[in-house]
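Chemist: Sequences are here, hints too, so could you generate the full structure?
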Amino acid sequence: MNTATETRGSRRHLSIEPITRLEGHGRIEIFLDDAGDVEHAYLQIPELRGFEVFSRGRPAEDMPQITSRICGVCPTAHHMAATKALDDLYRVEPTPTARKIRELVYNAFMLEDHALHVYVLGGPDFIVGPQAPAAERNLVGVIGKVGVEVGKKVIAMRRRVRELIAYFGGKVIHPVLGLPGGVAKGLDPAELPRFQALARDALEFALFTNQVFHDLVLKNPDYVKLIISDVYTHRTYYMGLVDAQNRVNFYDGRIRVVDPAGREYASFPASRYREFIAEHTEPWSYMNFCYLRPLGWNGFTDGTGTSVYAVAPLARLNASDGMATPLAQKAYEEYFATLGGKPVHHTLANHWARVVEMIHAAERMVALASDPELTGTDLRTLPAQKPSVGIGVVEAPRGTLFHHYETDELGLITKANLIVATQNNAARIAMSVEKAAKGLIRKHEVSEGLLNMVEMAFRAYDPCFGCATHSLPGHLPLRVRIHDRKGGLWRELVQE
Amino acid sequence: MASPVITGRRASVLVLGLGNDLLGDDAVGLHVAREVRKRLAGAGDCAVSETIEMGLALLDEIVGCEHLLLVDAIETGTAPPGSIHEFGAASLGGRRIAAPHFVGIAETLELGGRLGLAMPRDVRVFAIEVRAEYTVRSSLTPEVRRAVGKAADRICRLLDKICRARRGVVR
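In the order they appear, the protein sequences are chains A and B.
The first sequence maps to residues 1 to 496 in our numbering.
The second sequence maps to residues 1 to 171 in our numbering.
Note that these hints are calculated values from the structure, not bench results.
Each hint should be verified, as a subset may be incorrect.
[Said to hold, decoys possible] The calculated lysine to aspartate or glutamate pairs, modelled on EDC-like cross-linking and capped at a C-alpha distance of 20 Å, are:
{"hint": "1", "chain 1": "A", "residue 1": "K171", "chain 2": "B", "residue 2": "E61"}
{"hint": "2", "chain 1": "A", "residue 1": "K171", "chain 2": "B", "residue 2": "D21"}
{"hint": "3", "chain 1": "A", "residue 1": "K152", "chain 2": "B", "residue 2": "D60"}
{"hint": "4", "chain 1": "A", "residue 1": "K152", "chain 2": "B", "residue 2": "E110"}
{"hint": "5", "chain 1": "A", "residue 1": "K152", "chain 2": "B", "residue 2": "E61"}
{"hint": "6", "chain 1": "A", "residue 1": "K171", "chain 2": "B", "residue 2": "D60"}
{"hint": "7", "chain 1": "A", "residue 1": "K171", "chain 2": "A", "residue 2": "D62"}
{"hint": "8", "chain 1": "A", "residue 1": "K330", "chain 2": "A", "residue 2": "E204"}
{"hint": "9", "chain 1": "A", "residue 1": "K152", "chain 2": "A", "residue 2": "E204"}
{"hint": "10", "chain 1": "A", "residue 1": "K342", "chain 2": "A", "residue 2": "D230"}
{"hint": "11", "chain 1": "B", "residue 1": "K38", "chain 2": "B", "residue 2": "D153"}
{"hint": "12", "chain 1": "A", "residue 1": "K386", "chain 2": "A", "residue 2": "E409"}
{"hint": "13", "chain 1": "A", "residue 1": "K443", "chain 2": "A", "residue 2": "E39"}
{"hint": "14", "chain 1": "A", "residue 1": "K145", "chain 2": "B", "residue 2": "E110"}
If you're wondering where the values come from, they're calculated on a predicted model, not measured in any experiment.
Modeler: As structure tokens, then:
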């Protein structure tokens, strides 16, 4: 439902905000100029305060638990990035078995999280459809479209994957898996067949999802047109973790950046991230906008001269030379062939890239579950060096995630910094929101589809709206407020 | 592929506290659940649980129970911090997914029903008013802390009523 209220003033400030709380107060703000056209638009996400103060003085070994509890959205990603930062802090390599257990858990997590997005979060945009009434663009609408049996499959797969994660690390939200140099628990060979079966089913599920995406999205010319439309296109740099052959890797590798033409711009280990990533601030936002430090901040621009980069599935596929597994590689080739070659600049292609990555995650699960080393008993290399600085990186579902800790000689935290995916993507998200808004607001005329279209612009990135885990009333109606130059309310739109 | 089943004997009555214990007042639902648990001391067919998860993860907790009492933080801005709101699931309102990660409680309940899962037939929500601060902190503010006992009182009274109606007794 959209509602409009009063009008006054000349310059308008329009904001779209959820009216619920901690999950959290992500809000879109749009400023109009005197002519009634969009001057600025951005996604406002509250910064979590006090993390460093809270962390200071605590043992570094607590960070995998603390960070996974702070973020209820990607606990496993934070747990793994923190664990890898501890490896680096103590200059210790995990044993082969420990590494494989971590990778199995991590790929299972990626599969589950991506599935959740494809069916539940992004699904309303494409499976139900961007033009469907708001009341149908929800999870129940998705189930209505794909059928109850598919819904059951999604729920069942999610639950079994979480059982795997819980086997190794206890509660998903509070895992105790990662230790510097290894893992806390190995795999009982008697349990192996169960996990092998799960991995096989996960692959079947990922391929099924690929088929669903083809049937419901790619066979619909309107959807394909929307995906490749200019309003959802930005020519920026792209960042992602790659293995030694420059193939996508969620758990480990070098960070690779390609330019808007798809050429390699940089390739560096996590320890050098500060040489390549800087943060820009704007007076109108309390967000920091990441950009490529060597290029300097060149504004919210794309194409030639930009220093903005993106992370997340679209970026990962662009930043790599391929996938490390055969079926994912096939899907990767089809993806680029269909969308006009590398790099793909269409933000909404993130949804398809996510499906390609699901196949990759599932194939990695199958490979790891059949690796004899997985049931090894050498689970940990004990740290022997004094700690000082530790930097860890993983590819979270939403993009590259950095954890950076500094400690005293006893391993107590003196400094803690995280760069999460949404920070990496912040500038490009702002550009996407602005572009969508510009196309839909002209001369004070606000198009009917504004809410849906702007929302789709940021939803494709799957931005993280905060670090709490829940909230009432449990849904996020969007609120659009248009203010005049003095801040007075001109118009208000609410989508329930 | 295996069919989805969430099985296992569940208590008929579940008190479920929601919140994040590292985000200050956001954790009030967890505190209330702990207080209720302490008072019930493992009574009969009534379980008390707490989780910092959200959305579909709640299915793992609630499938199989008949009466669900949810305890959570809320920010309506219309009542002072520490105020206790009580309402039924229907009042949770819209089911739309506008948050990129978020599946609302009402939507989760409806989804479970659509998928044929054993969803609670009776849901009551106790929501304690807070002011979001976005600050990592492991303690409650005094106003919200004072609401913990009061909310536990109300929940225990409701539990007593439910259990009597079920011809059980809360010990």
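Chemist: None of the hints should be skipped; say for each whether it holds.
Modeler: Going down the list of hints, with the structure as the test:
1. A/K171 to B/E61: With Cα atoms ~13 Å apart, A/K171 and B/E61 stay inside 20 Å; holds.
2. A/K171 to B/D21: holds (15 Å)
3. A/K152 to B/D60: holds (14 Å)
4. A/K152 to B/E110: holds (13 Å)
5. A/K152 to B/E61: Within the cut-off at roughly 17 Å; holds.
6. A/K171 to B/D60: holds (12 Å)
7. A/K171 to A/D62: With Cα atoms ~15 Å apart, A/K171 and A/D62 stay inside 20 Å; holds.
8. A/K330 to A/E204: With a Cα-Cα distance of about 15 Å, the restraint between A/K330 and A/E204 holds, given a limit of 20 Å.
9. A/K152 to A/E204: Answer holds: A/K152 to A/E204 is near 15 Å, not above 20 Å.
10. A/K342 to A/D230: At roughly 16 Å apart (the allowed maximum being 20 Å), A/D230 and A/K342 satisfy the hint.
11. B/K38 to B/D153: Measuring from Cα to Cα gives roughly 12 Å; hence the hint holds.
12. A/K386 to A/E409: The hint holds at about 6 Å.
13. A/K443 to A/E39: The hint holds at about 12 Å.
14. A/K145 to B/E110: holds (16 Å)
Violated hints are absent here; each numbered hint is respected by the structure.
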